[in-house]
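Chains as they are written, first to last, in this note's numbering: chain A, 4 to 228; chain B, 3 to 294.
Take these hints with a grain of salt, some might be off.
Interface residues of chain A toward chain B, partial, derived using beta-carbon atoms under 8 Å [claimed, not checked]:
| # | residue |
| --- | --- |
| 1 | 93 |
| 2 | 96 |
| 3 | 107 |
| 4 | 109 |
| 5 | 122 |
| 6 | 177 |
| 7 | 180 |
No lab work stands behind these hints, which were simulated from the structure alone. What you are looking at is a predicted structure, and each value in this text was computed from that prediction instead of being measured. Virtual Cβ for every residue (Gly too), placed ideally from N, Cα, C.
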Amino acid sequence: MIAFEQACFSFGSLPVLRDVTQTLDPGAFHFVTGPSGAGKTTFLRLCAGDLVPTAGAVRILGRTVAPQDRNAVADLRKTIGVVPQQCQFLDHLSVLENIALPLHVWGIDAADRADDLTALLEWVDLADRVSVLPRALSGGERQRAAIARAVILSPEIILADEPTSNLDEGMAERILTLFIELNRMGKTVVIATQDLDLVGLAAARAPVRTLGLVQGRAEVAQAVA
Amino acid sequence: MVRPWGSAFVDRVLPPFAAAYLVGVVAAVSVFLGVLALALGLAAGRMAETWSGELASVATLQVYASADSVEPQAIAALDVLRSTPGVQSVRIIEAAEQHAMLEPWFGSGLALDALPLPLLIEVEADRDLLDKPALVERLAGEAPGAAFDDHTAWRAPLIETAERLQLVAFTALGLLTALLAMSVWLAASGTRMTHLSAISILRQVGARDSYIVRVFTRKFSRNAAIGSLTGVVGALAILMILTKVGTEGYSLAAVAPKGSDWLALALLLPACVALSWIVTALAVRRGLSAEL
């Protein structure tokens, strides 16, 4: 599904990832772990097609994204949903408008998806918050709104960068539950985190794979049943 | 369930921003001045055409002679004119008509009969067929008191003035177009820069360049359309008032648009909207290309 073939990435002369060779299998639940600065976000951005490797290759759904091909990256967003570390919204639009924004961008009439939208809002427990502006949401609500926006097009792959950082334990577990449910629906989930407790919590409930990044190298790859 | 958007949702993707309103104001001023400049240019062109075309076929023969020899000289001159190839018609301008022509300069109280006025003969001729040097030579022989005037002396500087006026008007129109284009470019580029985070969010959900460009072009062209409409209506109203108001004989009626002029002036509106759309699209696309 997403294959790293001796992929390297550097910001100028600063190497971030070195010779990473990994395959993210379809339908699996992956954790990318490592300390701060290990290259987790860069790894996810390579998975999303936002960055292209400076050496080696990253194949996304069987093809490589050419550098500077913004429209090709845009097309990937239909199959790869992204939950960034900093959940940003268009602050002058309502929560509902923000969550449904991908439908408009892709030219899909929201009326045709009204039932799905209602179900999605109930699933992330934001049905009663649709009319408020994003700045009125709590941290946990913002994360759930970002997840809803990332999955509204029903992508095959969901990438999430530190989705539970700055959240209390209860909210973190609630967010994790959403990702586990998505994985049970057959979605490939890739979560970058430095919170090993979260990995343990997930491993207790579902089969997960972890990819440990140490100083830019994928040194540990293991499956946890 | 709250409907997430209406048909014009794309207009709300970006929050309201001052630059879009400024484009409307600049479009209004540019189109207002543009309509006036174009009207002036078209009128100047018409005047130059009239002076070099219609008036060029009319000439005047002035017969200066003592009272007892005016008539024989006039008869001789008329004979010469009627036998000259290219002369289409000749007409003696009566004293009353002559007095009416002079009245604006001398007033009605002056005894014009006391002035030594020449006898005037209006000549209509085909310029291409008329051999002016030959005619002047024949007149000198047969009616020595007759002076042929084809108005070249006063028409030439007037035509040149009208043509230069037209050039100035069209140059002003070109400069206004360039000013509008530059203003829209700066406004679109600046707005894109101040909305980078919004563009980043749009990218995150799969927006292609064409979608992002549309978000900007719709907003800018709509405001340009409102501004242009205001400018066109204002300028046409001013033109109509200016060309109708004025003391007798001194109005700006010559500048009034005629026939297809109205269409040309009205076309400035869609031209302004199209220019705003194209410049916005180019500015935003250029900015997006520089993102990676």
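A quick look at each hint next to the structure:
1. For residue 93(A), the interface hint holds, the least distance from its beta-carbon to any beta-carbon of chain B being 6 Å, beneath 8 Å.
2. With a cut of 8 Å, the hint placing residue 96(A) at the interface with chain B holds, because the nearest CB-to-CB distance is about 7 Å.
3. Look at residue 107(A): its Cβ gets to within about 6 Å of chain B, closer than 8 Å, so that hint holds up.
4. At its closest, the beta carbon of residue 109(A) sits 6 Å from a beta carbon of chain B; the interface hint therefore holds under the 8 Å criterion.
5. The interface hint given for residue 122(A) is violated, since its Cβ lies 11 Å from the closest Cβ of chain B, which is over the 8 Å cut-off.
6. Taking 8 Å as the C-beta contact cut-off toward chain B, the hint placing residue 177(A) at the interface is violated, the least distance being around 23 Å.
7. The beta carbon of residue 180(A) comes no nearer than 23 Å to any beta carbon in chain B, farther than 8 Å, and the hint placing it at the interface is violated.
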